[in-house]
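Enquirer: If you want the building blocks of each chain, they are given just below.
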Amino acid sequence: MGGWQAIDRKTVPANGMGPGISDASKEKIRSFFPRYPSKRAVMLPALHIAQDELGYVSLTAMRQIAELLELPPAAVMDVVTFYTAFWTHPKGEKQLMLCRSLTCELLGADKLRERIEQKLGIKDHQTTKDGKFSFMIEECLAACDHGPCLMVNEKMHKCVTPEKLDQILNDPHSDRLDQPRSDLYDAPVHNRQHHHH
Amino acid sequence: MAYEKVLLKNAGKPNSRSIDVYRSGGGYEGLERALKMSPAELIELVKQANLRGRGGAGFPAGMKWSFLPPNREVTYLCINADESEPPTFSNRVLIDEDPHQIIEGTIIAGYATKTTVAYIYMRGEYCEQFHTLQKAVDEAYAAGYLGKNIRGSGWSMEMYLHRGAGAYVCGEETGLIESLEGKRGWPRIKPPFPAVEGAFRKPTVVNNVETVACLPHILTRGLDWWKSVGPAHSLGPKLFCISGAVNKPGCYEAPCTITVRELIYSPEFGGGMRNGKKCKAVFPGGLSMGVLRGDTFPKRPAGEAIDHRKDYDELDCIMDFEDIKKYDLLGLGTAAAVVVSEDDDIRDVLVNNCRFYAHESCGQCTQCREGTAWMYKVAKRIQAGAGRIYDLDLIEEMTLNMGMMPGMSICGLPDGAAWPIRTLVQKFRKEFEAHIRAQKPQAAQEFIKRVNPAAYDLPILQGRANAATGGTFSFDHYVGTQK
Ligand SMILES: Cc1cc2nc3c(=O)[nH]c(=O)nc-3n(C[C@H](O)[C@H](O)[C@H](O)COP(=O)(O)O)c2cc1C
Ligand code: SF4
Ligand code: FES
Chain A
76 MGGWQAIDRK TVPANGMGPG ISDASKEKIR SFFPRYPSKR AVMLPALHIA
126 QDELGYVSLT AMRQIAELLE LPPAAVMDVV TFYTAFWTHP KGEKQLMLCR
176 SLTCELLGAD KLRERIEQKL GIKDHQTTKD GKFSFMIEEC LAACDHGPCL
226 MVNEKMHKCV TPEKLDQILN DPHSDRLDQP RSDLYDAPVH NRQHHHH
Chain B
15 MAYEKVLLKN AGKPNSRSID VYRSGGGYEG LERALKMSPA ELIELVKQAN
65 LRGRGGAGFP AGMKWSFLPP NREVTYLCIN ADESEPPTFS NRVLIDEDPH
115 QIIEGTIIAG YATKTTVAYI YMRGEYCEQF HTLQKAVDEA YAAGYLGKNI
165 RGSGWSMEMY LHRGAGAYVC GEETGLIESL EGKRGWPRIK PPFPAVEGAF
215 RKPTVVNNVE TVACLPHILT RGLDWWKSVG PAHSLGPKLF CISGAVNKPG
265 CYEAPCTITV RELIYSPEFG GGMRNGKKCK AVFPGGLSMG VLRGDTFPKR
315 PAGEAIDHRK DYDELDCIMD FEDIKKYDLL GLGTAAAVVV SEDDDIRDVL
365 VNNCRFYAHE SCGQCTQCRE GTAWMYKVAK RIQAGAGRIY DLDLIEEMTL
415 NMGMMPGMSI CGLPDGAAWP IRTLVQKFRK EFEAHIRAQK PQAAQEFIKR
465 VNPAAYDLPI LQGRANAATG GTFSFDHYVG TQK
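Protein sequence lines correspond, in order, to chains A and B. All residue numbers for the first sequence refer to our numbering, where the first residue is 76 and numbers rise by one. All residue numbers for the second sequence refer to our numbering, where the first residue is 15 and numbers rise by one.
Hints listed in this document are in silico derivations from the structure and should not be mistaken for laboratory results.
Straight-line distance between alpha carbons at most 27 Å, and here's what the computed DSS-like set of lysine-lysine pairs gives:
#  : chain 1 : residue 1 : chain 2 : residue 2
1  : B       : K149      : A       : K101
2  : A       : K186      : B       : K394
3  : B       : K149      : A       : K230
4  : B       : K128      : A       : K114
5  : A       : K186      : B       : K292
6  : A       : K186      : B       : K262
7  : A       : K101      : B       : K197
8  : B       : K262      : A       : K233
9  : B       : K149      : A       : K233
10 : A       : K233      : B       : K291
11 : A       : K233      : B       : K23
12 : B       : K292      : A       : K233
13 : A       : K230      : B       : K262
14 : B       : K394      : B       : K454
If the Cβ cut is set under 7 Å, some of the chain B residues that face chain A in the computed set are:
#  : residue
15 : P100
16 : R106
17 : E139
18 : C141
19 : H145
20 : Q148
21 : Y174
22 : R177
23 : A179
24 : A181
25 : D358
Glycine included, each C-beta is placed from N, C-alpha and C at the ideal position.
Could you build the full structure based on these sequences and the hints that come with them?
Expert: So this is what it looks like as structure tokens:
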């Protein structure tokens with residue numbers, strides 16, 4: 076597996092400031108205020124909601140969140156860039172997250188990485204041209220009993236073999252959960268076509 | 015004697031996540047009992063049980079709670095469900111199988127510590143688990159176990175789930191607190207400890223999911239039962255994870271009397287090695303605790319004392335908070351074992367370890383940030399077939415110069431990096447040396463010529479470490495390549 080490489084998750088998108096979040100999302104973010112003694116603590120919920128609405132956290136969204144939480148925009152950017160979950164430019168409809176930590180690697184994760192790279196023509200933290208997939212390689216996903224494992228959006232796929240991987244990539248419902256969801260961290264509306272199953 | 019499962023007793027039952035199934039098996043009775051006691055009595059009970067934290071450090075929970083200042087109006091309780099230590103998944107199994115056990119335990123811990131708000135900090139990648147636990151929290155609110163005047167006790171506590179966004183260091187208790195406050199997860203300098211000044215600058219307790227999951231059982235089954243499980247310094251039921259080259263990877267419950275060998279080979283646990291291979295190495299407590307030699311090594315002769323410097327099979331190590339230290343391990347950690355088979359290359363294992371810590375270091379402390387990245391580079395070089403015997407000494411020296419133990423860092427991450435990396439290099443030195451000796455004599459120089467020589471910090475490397483180890487390295491190697 077490669078060493079350090081520049082990743083495209085944090086670069087500023089070509090569309091400048093990008094779209095903003097809706098009033099409904101702002102209202103939802105405000106609904107978190109009573110849970111914490113400071114407004115700033117709503118940062119992670121707010122970023123999750125913004126990313127759910129827009130598919131990424133745009134510069135406009137960062138400014139809006141800064142305003143809601145009464146912080147300078149740099150404080151929001153500071154947090155966005157620290158955590159691996161947030162994207163600052165559009166990602167694909169489905170985010171593939173492959174574990175590379177010890178158990179999964181011993182059980183063949185690197186072969187899956189090669190296959191994903193070859194099938195989709197993208198490397199770590201890149202997005203396919205058609206906007207369908209983004210690929211992330213992450214550390215242990217706490218599913219080592221089912222390694223090697225691959226998450227597609229919220230769905231954890233266990234004991235993934237190369238054949239299973241092909242099925243997952245072809246299955247339009249590969250991110251469908253077979254259990255009820257909580258919409259607590261969801262945006263009330265979505266700008267993009269993506270939706271939860 | 016067959017061991018009766020406690021923490022996993024509902025696992026696999028149909029609908030085990032629902033409050034009805036939980037209550038039908040005696041769930042929330044521990045809480046009812048706790049509410050009849052005073053918080054001080056409850057702390058005393060947990061102190062007597064010597065319930066040691068399950069999150070990694072093994073600190074006694076009752077003692078931690080008693081550090082809270084006596085006159086306080088607000089207390090926060092943070093339940094640590096960040097679970098990012100490879101290869102640990104026991105908290106996940108608890109959430110998947112029995113979420114109400116965690117909620118009940120959290121409420122009991124909250125009552126003992128007079129908590130006003132409890133936050134369950136879950137790693138961002140726990141998606142299915144978030145939905146499961148949120149549903150259980152909603153059920154607990156509806157049943158009157160959370161909110162105002164809980165079960166008529168006059169005590170009120172709110173519980174909120176807080177989702178992280180992908181960072182190992184947010185599992186460190188003050189990193190968790192910073193993250194909860196809406197900042198990057200940079201651990202804080204201690205003191206002040208969270209009990210005095212934690213979340214939102216108020217007294218705060220951070221406990222692991224499994225730690226609080228033990229509480230209902232201490233209350234319902236009593237202190238005598240608790241003390242009958244496991245050795246005196248490691249009381250109570252414990253979850254053990256096993257993954258890697260075994261037949262039955264999974265999360266298993268047992269007292270802290272099982273050995274690593276049983277965990278791997280017993281049909282009740284790991285079910286033996288895959289494809290009948292031998293075991294080369296095991297990280298028994300999560301990566302950060304260090305590595306044990308497997309049964310590819312000869313058995314220690316009967317009567318000879320344990321000596322971690324000798325190349326013997328170490329699988330008889332007992333998985334408790336103390337015995338494990340005899341093998342030069344940092345502690346029990348998360349009690350999650352990953353098994354490396356005889357077919358795996360130890361150089362790959364080293365690179366995987368080094369990469370993890372280099373990736374997860376938050377970057378505040380120089381020794382941790384630079385040290386983990388440096389070790390990763392050296393490990394990559396060894397893996398690429400351009401290592402030198404001297405690199406093994408170099409890695410060893412680096413591990414001794416980072417972390418909280420020599421007082422060089424804010425949090426324990428670099429100690430957790432130093433242990434597996436140092437023990438790997440020390441315990442598997444012969445294998446590393448064999449690989450290096452099999453290289454072409456000029457391999458290292460050629461490799462350095464190919465890449466940027468400045469990447470290797472040559473002057474420091476040549477100086478202190480060389481003197482410290484008696485010198486398997488000669489500066490001559492570099493003269494031609496630095497131009
Ligand atoms: C780098 C680092 C990562 C940690 N990650 C976790 C974690 O994911 N979960 C956890 O419970 N404790 C973790 N800990 C330990 C916590 O700091 C803390 O000791 C623990 O949550 C306390 O709970 P306990 O006393 O109930 O074990 C981590 C510590 C360090 C230094
Ligand atoms: S020791 Fe490492 S992870 Fe911990 S605070 Fe310092 S730089 Fe960050
Ligand atoms: S090592 Fe891959 S999920 Fe833990």
